[in-house]
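Note that the protein sequences, when read in sequence, are chains A and B.
For the first sequence, the residue numbers in our numbering are 1 to 111.
For the second sequence, the residue numbers in our numbering are 1001 to 1228.
These are calculated hints, taken from the structure and not from any lab test.
Here a beta-carbon is modelled for each residue, glycine too, at the ideal position from N, C-alpha and C.
Any given hint could turn out to be false.
Said to hold, decoys possible - Interface residues of chain B toward chain A, partial, derived using beta-carbon atoms under 7 Å:
| hint | residue |
| --- | --- |
| 1 | D1005 |
| 2 | P1041 |
| 3 | P1059 |
| 4 | G1063 |
| 5 | T1064 |
| 6 | V1089 |
| 7 | I1093 |
| 8 | V1097 |
| 9 | F1098 |
| 10 | G1099 |
| 11 | A1116 |
| 12 | F1119 |
| 13 | L1166 |
| 14 | L1213 |
| 15 | E1216 |
| 16 | I1220 |
Each chain, letter by letter, is given below.
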Amino acid sequence: MTKSQKRLWIGLIILAFFSPLGIILPDRFGAKGAWGEWSTETLQKVLGYVPEGLRKYSDVWKAPLADYSFGGQGATYAQQIIYYMLSGLLGILLVGLMIYAISKLLVKHEK
Amino acid sequence: MHIPDGYLSPQTYAPLWGVSLLFWSVALRKMKKELSTKQIPYLAMAAAFSFLIQMFNIPIPGGTTGHAVGAGIIAILLGPWTAVIAVSVVLIIQSVVFGDGGITAIGANCFNMAVAIPFVSYWVFKLINRKSIKGARVYVAAFFAGHIGLSTGAIVTAMELGIQPLIARGADGRSLYAPYPLSIAVPVMALEHFLLFSIIEGMVTFLLLKYFLKYESDQIYAISVKEA
Chain A
1 MTKSQKRLWI GLIILAFFSP LGIILPDRFG AKGAWGEWST ETLQKVLGYV
51 PEGLRKYSDV WKAPLADYSF GGQGATYAQQ IIYYMLSGLL GILLVGLMIY
101 AISKLLVKHE K
Chain B
1001 MHIPDGYLSP QTYAPLWGVS LLFWSVALRK MKKELSTKQI PYLAMAAAFS
1051 FLIQMFNIPI PGGTTGHAVG AGIIAILLGP WTAVIAVSVV LIIQSVVFGD
1101 GGITAIGANC FNMAVAIPFV SYWVFKLINR KSIKGARVYV AAFFAGHIGL
1151 STGAIVTAME LGIQPLIARG ADGRSLYAPY PLSIAVPVMA LEHFLLFSII
1201 EGMVTFLLLK YFLKYESDQI YAISVKEA
């Protein structure tokens, strides 16, 4: 690994450790979440109804670590911060593995 | 910008799956021809970076949040086709593992963030930065590549959401899927990105390009590859 690559990987790990800022700052500034990504509960509150088709499809998939949390809805704020950071580290691992798997398939055929 | 399940009608998400599959197959074929072992760590780092930078939700006080995607700088450093794969991998993991973006909407989300953003960013960069790798021009090019790329992704997303009331309505006249029309979705998404999130994306693009020009200038696809 070159010196620059090492530096970049360290930078990425540091980024993962700071990732909880992505939930702390919105919380501090009273920001609700992204536009167009509301939960059905929020839609019910804001619109007074949940569009029929939206409700039907909204839970076709139960993500194992939904909302970058390991503790589901019951997690405390402090837990959420830890889970978010762990999700960042896990994310590096998962996307890294997937990229290596794809690259391996592609580069092997090249020879 | 991650469209959840249920927001897009099948008439919208199915064709977008098709479009994304097409881009993936071309991108993989191109990578098979051009990818060298030396580039694999950079590809992995690019995907990791995009994953992480998207975790940094930036608040509009009392309003919504948004984030950078990092797709523009990846397109400049590794080429737009490689960026398609790097960012798609991120979006698929986000959707399947973390529930960020719907499963049915993977095609749409990949088209918006892993196709539209990298290609627009790359074109903007090449358009502004014709030859030089010196002076302010390359940095101006990087900033606008990031800014216009992300803004385009946001507008395309808003259009997909905004056409839903036109596509499918219930007997009561209400949209069956995403509820807001184009006249709301597009201005809201365009403005919040133009004025805040895309500025962050532009700065991220600029700062990383600065790093690579200083330490790894031979790794910059948009500068070293002449024809594309």
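Right, here's what the structure says about each hint:
1. Annotation: B/D1005 was flagged as interfacial toward chain A, and the flag holds, the nearest CB pair being 5 Å apart, inside 7 Å.
2. Satisfaction of the interface hint for B/P1041 is found here, the shortest Cβ-Cβ separation to chain A being roughly 6 Å, below the 7 Å cut-off.
3. With 7 Å as the threshold, the beta carbon of B/P1059 comes within range of chain A, its nearest partner Cβ sitting at about 3 Å, so the hint holds.
4. Satisfaction of the interface hint for B/G1063 is found here, the shortest Cβ-Cβ separation to chain A being roughly 6 Å, below the 7 Å cut-off.
5. For B/T1064, the interface hint holds, the least distance from its beta-carbon to any beta-carbon of chain A being 5 Å, beneath 7 Å.
6. A hinted interface residue such as B/V1089 counts as satisfied when its beta carbon comes closer than 7 Å to some beta carbon of chain A; here the least separation is about 5 Å, so the hint holds.
7. Below 7 Å, beta-carbon pairs count as interface contacts, and B/I1093 has one with chain A at about 5 Å; its hint therefore holds.
8. Checking B/V1097 against chain A by beta carbon gives a least distance of about 6 Å; that is within 7 Å, so the hint holds.
9. With 7 Å as the threshold, the beta carbon of B/F1098 comes within range of chain A, its nearest partner Cβ sitting at about 5 Å, so the hint holds.
10. Because the beta carbon of B/G1099 sits about 3 Å from the nearest beta carbon in chain A, less than 7 Å, this interface hint is met.
11. About 16 Å separates the beta-carbon of B/A1116 from the nearest beta-carbon of chain A, more than 7 Å, and the hint is not met.
12. Annotation: interface hint on B/F1119 violated; nearest CB of chain A at approximately 20 Å, more than 7 Å.
13. The interface hint given for B/L1166 is violated, since its Cβ lies 14 Å from the closest Cβ of chain A, which is over the 7 Å cut-off.
14. Checking B/L1213 against chain A: minimum C-beta separation of about 12 Å lies over 7 Å; hint violated.
15. At a threshold of 7 Å, the smallest CB-CB gap from B/E1216 to chain A is about 5 Å, leaving the interface hint in force.
16. Against a cut-off of 7 Å between C-beta atoms, the interface hint on B/I1220 is violated, since the closest Cβ of chain A lies about 13 Å away.
In summary, the structure is inconsistent with hints 11, 12, 13, 14 and 16 from the numbered list given earlier, while agreeing with the others.
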